[in-house]
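Undergrad: Each chain, written out:
Protein chains: 4
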Amino acid sequence: MDYSTYKDPLGSRYCSDEMKNLFSDQIKFQTWRKCWIALAEAQRELGLDNLISKEAIDEMKKNKDNINFKDANKKEKEIKHDVMAHVWAYSKQCPKAAKIIHLGATSQFVGCNTDLILQKKAIQIIKKRLINVIFHLSKFAQKHKSLVTLGYTHMQPAQPTTIGKRATIYLADLLTDLESLEFTESLLKARGAKGTVGTQASFLELFKGNKSKVKQLDLLIAKKLGFNDAYAVTTQTYSRKIDAKIAEALAGIGSSACKFASDLRIAAHLKIMEEPYGKNQTGSSAMPYKRNPMHSERICALSRTLMNIPTEFHSMHSNQWFERTLDDSALRRIEIPRSFMLTDSILLLYENIASGIIVYPAQVKSHLNAELPFMAIEEILMKCVEKGKSRQEMHELLKKHALDAGNKIKSDGAQNDFFKRIAEDDKIPFTQKDADSILKNPGKFSGMAETQTEYFLQKKINPILKKHENLIEKSKTEIEV
Amino acid sequence: MDYSTYKDPLGSRYCSDEMKNLFSDQIKFQTWRKCWIALAEAQRELGLDNLISKEAIDEMKKNKDNINFKDANKKEKEIKHDVMAHVWAYSKQCPKAAKIIHLGATSQFVGCNTDLILQKKAIQIIKKRLINVIFHLSKFAQKHKSLVTLGYTHMQPAQPTTIGKRATIYLADLLTDLESLEFTESLLKARGAKGTVGTQASFLELFKGNKSKVKQLDLLIAKKLGFNDAYAVTTQTYSRKIDAKIAEALAGIGSSACKFASDLRIAAHLKIMEEPYGKNQTGSSAMPYKRNPMHSERICALSRTLMNIPTEFHSMHSNQWFERTLDDSALRRIEIPRSFMLTDSILLLYENIASGIIVYPAQVKSHLNAELPFMAIEEILMKCVEKGKSRQEMHELLKKHALDAGNKIKSDGAQNDFFKRIAEDDKIPFTQKDADSILKNPGKFSGMAETQTEYFLQKKINPILKKHENLIEKSKTEIEV
Amino acid sequence: MDYSTYKDPLGSRYCSDEMKNLFSDQIKFQTWRKCWIALAEAQRELGLDNLISKEAIDEMKKNKDNINFKDANKKEKEIKHDVMAHVWAYSKQCPKAAKIIHLGATSQFVGCNTDLILQKKAIQIIKKRLINVIFHLSKFAQKHKSLVTLGYTHMQPAQPTTIGKRATIYLADLLTDLESLEFTESLLKARGAKGTVGTQASFLELFKGNKSKVKQLDLLIAKKLGFNDAYAVTTQTYSRKIDAKIAEALAGIGSSACKFASDLRIAAHLKIMEEPYGKNQTGSSAMPYKRNPMHSERICALSRTLMNIPTEFHSMHSNQWFERTLDDSALRRIEIPRSFMLTDSILLLYENIASGIIVYPAQVKSHLNAELPFMAIEEILMKCVEKGKSRQEMHELLKKHALDAGNKIKSDGAQNDFFKRIAEDDKIPFTQKDADSILKNPGKFSGMAETQTEYFLQKKINPILKKHENLIEKSKTEIEV
Amino acid sequence: MDYSTYKDPLGSRYCSDEMKNLFSDQIKFQTWRKCWIALAEAQRELGLDNLISKEAIDEMKKNKDNINFKDANKKEKEIKHDVMAHVWAYSKQCPKAAKIIHLGATSQFVGCNTDLILQKKAIQIIKKRLINVIFHLSKFAQKHKSLVTLGYTHMQPAQPTTIGKRATIYLADLLTDLESLEFTESLLKARGAKGTVGTQASFLELFKGNKSKVKQLDLLIAKKLGFNDAYAVTTQTYSRKIDAKIAEALAGIGSSACKFASDLRIAAHLKIMEEPYGKNQTGSSAMPYKRNPMHSERICALSRTLMNIPTEFHSMHSNQWFERTLDDSALRRIEIPRSFMLTDSILLLYENIASGIIVYPAQVKSHLNAELPFMAIEEILMKCVEKGKSRQEMHELLKKHALDAGNKIKSDGAQNDFFKRIAEDDKIPFTQKDADSILKNPGKFSGMAETQTEYFLQKKINPILKKHENLIEKSKTEIEV
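Protein chains in written order, with the working numbering: chain S, 1266 to 1746; chain Z, 1266 to 1746; chain A, 1266 to 1746; chain G, 1266 to 1746.
No lab work stands behind these hints: they were computed from the structure. Among these hints, one or two may not hold up.
Which copy? The list can't say, so a pair holds if one copy fits it or any two copies do.
[Claimed, not checked] Result set (DSS-like, lysine-lysine): computed pairs, CA atoms no more than 30 Å apart in a straight line:
(1) Lys1326 to Lys1692
(2) Lys1339 to Lys1408
(3) Lys1654 to Lys1476
(4) Lys1345 to Lys1664
(5) Lys1342 to Lys1536
(6) Lys1342 to Lys1393
(7) Lys1732 to Lys1454
(8) Lys1664 to Lys1361
(9) Lys1272 to Lys1385
(10) Lys1665 to Lys1724
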């Protein structure tokens, strides 16, 4: 192992091997060869059998995966052109095909089609991870659907909800992400065989002006590469807007994960919930007792860079001049893999957490009880309105007492005496008996939380999990701290 | 007119009245009242007719549009709460409804539902503009589908294409934008009646624990507000991810427009195309003869801020804590209207340009002819391969001659002598006769450009225009310089 | 008041009149005239007194502030060129100067110089606000320098610090912001008189080829406009990089304010600190008792858009072609005022909060005591090491007991029994007596917090406040909720 | 070489070994040990010689660079804590120091101080590259200071300038970047020895309450680590605002480089300038004659991601809660090296280009001559004003003729007949003789361009180069295509 040079932690620490392998040179150049084979086959099938022999294609197929990197790299150093270098290296392995590899094509024939194939596959990996997070989170929501907890707005106690209901909010975001990802996937087509500036001129020449064949060639290659269709029009490349759309779908996942992880970090602060904690894990050198939500924090860290990426792709797309400028290349080489690897890393963490969230019901209850009298205000207000009082007037009176009680807690560390205060106020139709009745049944203040959770899981989540059940994995990955 | 304070040029110069009106206080508070009426009606229809009289509702309907701003503003100054101030002001106009306006609701009942209604309407305006740009651009593409022009990659002459074909690229981007916009629209549902933290607790109380009625209430309100459905689960607000998705769809439009406008600015530099130019318009104080592509430049300027907005919404969504924090409010107040107003302004400019692009065919031809010998290289290369030569060898020879010819042009300002050079090279099977034959038919170098344009317009664009033909406007707006 | 059109809330609700006035048309066109007067005076002083009479200049000075907007607007509508329209309007008021207003200049003579003047003034306003926030916050830090509070890392209890010490962190960030702002200010020079593409050609013509005079003209105008220097070289405009640098300095302020406000929102959740609360302010319609940190939340909201702006300016600068393209114009018109108005709004809120932060010492103490046993771990660890034990071994033992005690709290809602546990562990040299001794003096766990605060205020803050004491305002502004 | 996993092209293709080595594990852990040695030495010097023996320190020094990675990695796997693992591994090599390595410190003692040291060094590398770009570009500007070329505004011919003058614009931007970088450097101090939450509590304990010694410890360590000062106050970490400031300074370099490279790409289109072109380099597989400005395009690509990074750091800083949250860690691990590596890669390209820009004077002249008649308008306008004509009237007449002449060129491909037109217009005091006189001396239209270039190089650039002459490298790096 070489310790004298920079190692990107995304690759070396956070991302799955599956995703890293997808964006490896091995897979990239295999896919280039796949494109060249599809081109030769399609050309032959459409009538160029005089130029392209079956033997040539067989030779190409035989060598489709054994990339002679050394040869290619040496040639690339010499001519400084990666596609021509790999044409040369492939030709060296396939002497019978030497004249027809890449026939009529421009570099972006392999470049764009490969990028589209890889991104489609990367989307599949991300979708699998998304489904698994949804799976674990839905089990969590189901389990805690009726565990009443304090709901917060402005990070201030508001009204009770349930732990399960809160989890449905994360799930709803992930469903939107899944829909976005699938929408984005629907935008992916093959770039096909379009030629230098997208006019298919060289192919039209090859087919002696037969336009129908050129059109067929485009679609046939698309099919052979696993797409239903090819883009009807392109320049030298497919539109970089597509890259931007993918980046947006991934950024959305980052945003959802960050929202979830921020909440979990606050929940850990409240000691009501915790992310799973590895054995032998050291909290910190100075504070060993701490249960730091480090995986949740890492989700937030990675998300902040992921959410920022689409802007770069918009910048790239909007600044492309005419039939293509190369100011997309280095950015795409770096940011396409990076955005998938970030999303992959985030979802691995999310899945790990979602499958093992720890809940402390005693703490949940303790926080709730401290604020319950205030929680009842809306109900008291409505009761007063039912008894014929003006909403505004009651609102103001209750507000005053609530503020006084709240202030007393803060200034003296005293107990919550709100019920006592309003019971003693003649203008408010409220008695100690009313107070007792309220306190007896705290669960009622969470309204439809449980019902909503059941409904949501049944109607919105389960059909999705059913549809993708083949993607649900049995075992979980270990996360490196 | 008050000149002593800042006026946002987006509002005062660039954006349409239609869009500005949509985000006005008048429409906002009308929509609040629409929400309150829907709430009251739905509550009454579902059985609260003892609390909510027909008279109360009639009174509310009678006053639905005549906002008493003075009263509301005065009250808001006093109590510093806009929703309560408007409840109070509306109640003042509707004494019979005073006790039931906003019954069981929290501020975000009007806040979120109104935002969703307005954004849905704003999307309609944007869609209309998008369709009109597509309409004009498709006419342009049709008209110039066979006008051969030099295609550029790396901003260097590459191979010919056609003016019409190039326009299909802009159209393809706009189609993707339209699909994205419609996908985004499909994500919009009513926030419905969800209560303080999204549990519908106050409504469950109102309906004495009848969960089915509370569920119905949510959907009934959604319908009354023009939605097919309500979000199954929300916190105090609907998920801010939805805002981010909308911002992304709009940013995409900015990116497409900026790509188009950048190309047009370069085309204007080449004197091959120009944006329409207003009468009496002064180029610049010092250079009156100039035809500056100012509208295209403005599109780029506005797009650069529009493309940057989604990041803010991701930041907002990902940092929301638990059931809602208010660190979304000022940002949404500013950036939701702004993103629509920017898009509106950009599309007005785009439409104006697309409907009047000037083309200079003589200049188009002049640029093409200067590079035509080089343009033929791919064909010559293929011809040589057909004659049995090695692709790589020919490639290298042609490259050498092309570089020499190219260098001579640059260093001496000489004519292009590429054909002469290769005709004289014995290793290359190419004669002056071949050269003449090539020069006679320059159109052939644009390959399928014309055919692609026809196909694309017929198969991809026309069905869309047909579907939305009611949105196509007859007259165009004047743009302020 | 017109309610039928959009009103930007930044202008109508958040920003100061002072800042809005600075970016008004009145000030803008006054400054244009200031530039024209400076130009005419400098030209006359350098020898063009045959062309430029004293009477002409007197006339210009007499009309320097009474902009005839109606005339100018009408002309602008006609010729669609704002600078020429205002030259015309000014000329109408100054018939004797008609031929010499704007002599030799291009539009950007008034455009750029005015933008630089206004930004310089806007920086002064921001600096004033920054100083006032620092002033109030430093008083706060001084007051609470020894109030021990729980310090948090990972949002988990870590070690005690003091409320005052924590405030120094916000102050340190603001000092960095102030330094950045002053650095940025140092980059501001006049654009001077540079002509169409920055070559001063028209001025060289005017001065009959006298280069020295043209150079003097540039500097003389700079002086007259309040700058020490003019940029040595420009294109048609000064470098848009300068705009980016300003935007960065402002974004930094947003970041600091957001960090402060996020902390205060968490502190409010803990009920240890609160932002000042206006009289008659309604918490929320449904939860009147709540003390929502709405101003802090608004700071975060506004900061999220402010922090995002520099990217736009980088995009603008990096895409400027050759001697200037106009794809900067609309963006600068919108984003320069907006970035200052956002910063202004944020600092007004920050100042308002900083001058009235409420602290609840009883709550501070209550949170501290609950975690004090854990807080002592580092000390216990060090004591054990002093007694000859291995750091690693002790670390692991203490960690185990701390985790057990922590788990018990969470699962049972029990009291913290950490001291009891370690006192009973024979391997750890710790007794109940040690425990008592620790608990007797909790203050000692805050280390140098108080000392650091004193030192920091005395050495770092006070000199700055002293230097800028003229900027410290006595009365505070009221903030609109 | 492993081809089965992702390799970041930034590391494997674009960035210098020098920069990659700086951010390697080897340097990182050496620097950690440097911090531990500084801590031990300072503690001993300040009186803890009973605890910390000379032998222990000698042992630490002896092992300062021979990191036992295997041991450390194995331990880290086990305890999942990198700092404790390296303390353990170092202790294993230094048995005498085992008890005192990291004494009183928290992880961020090594974390933050190391990050600051590495960033300071990385800034030095960037500064060196910046100086070298400035060096080459200034030679270029000097060489071409009087080569008159067409200046463009709106990408339309405007007025002549010179090639050298245009280069001063890039230089001026780089000077601003250098100033920003040096300002940022001035913000870097040591984090020193601050302890868990920044209160130095553990050190105060170690020094038995002697505050003066604790203060001295902080500064002594800072000195030993190469800083003039330590931050007066920190939390567990130094303020993440500092990271944001660094990212901004680097983003600014990206912006300048992208502006330069965009211009060069347009210049290459005009065939007036070209980036140096490697031997044996293949233009493209299909268009071998092309001289694609690939390095300039790559600069733009890399800049677009670099310019986008500061937002992430603002997001990170503004969301840090209280004394530190770990949602900074993964982001900083990835983005700090990445931003330096991007800048490094960009400047390597910039330097390579700047040292070998090719200029084609014949093409420069050819473009100029085609537009010269229009170029003279400003002069003609001024001449007319001198002859007593109204500026506005002449402006309108000239504008009309210029537009007509311009239109004729575009529609007919005709020659520029502007001079003929105005000579024939009786209202304009202009004759063919005037035309001839103008055409005879085209150089005069570039005004002060040459003089400005000389002045700028002499007064602004040379002093900087002089100051940093030790940084100027003699040989250039080869860039990988």
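Undergrad: Next, verify each hint and record whether it holds.
TA: Right, here's what the structure says about each hint:
For a Cα distance limit of 30 Å, the shortest separation of Lys1326 from Lys1692 qualifies neither inside one copy, at 89 Å, nor across copies, at 33 Å. Neither within a single protomer nor between protomers do Lys1339 and Lys1408 lie at most 30 Å apart by alpha-carbon distance, with minima of 59 Å and 38 Å respectively. Taking CA atoms no more than 30 Å apart as the test, Lys1654 paired with Lys1476 passes between copies only; the shortest distance there is 26 Å, against 81 Å inside one copy. In this homomeric assembly, Lys1345 and Lys1664 come within 30 Å of each other (Cα to Cα) only across copies, at 14 Å, whereas the closest approach inside a single copy is 75 Å.
When the C-alpha separation of Lys1342 and Lys1536 is checked against a cutoff of 30 Å, the pair qualifies only between copies, where the shortest distance is 27 Å, while the shortest distance within a copy is 58 Å. In this assembly of identical chains, the alpha carbons of Lys1342 and Lys1393 lie at most 30 Å apart only when taken from different copies (28 Å versus 39 Å within one copy). For the identical chains of this complex, Lys1732 and Lys1454 are neighbours both inside a copy (23 Å) and across copies (24 Å), given an alpha-carbon limit of 30 Å. In this assembly of identical chains, Lys1664 and Lys1361 lie within 30 Å of each other by CA distance solely across copies; the values are 25 Å between and 88 Å within a copy.
Both within a single protomer and between protomers do Lys1272 and Lys1385 lie at most 30 Å apart by alpha-carbon distance, with minima of 27 Å and 20 Å respectively. Proximity of Lys1665 and Lys1724 under a CA criterion of 30 Å is satisfied in neither setting, with 43 Å inside one chain copy and 45 Å between copies.
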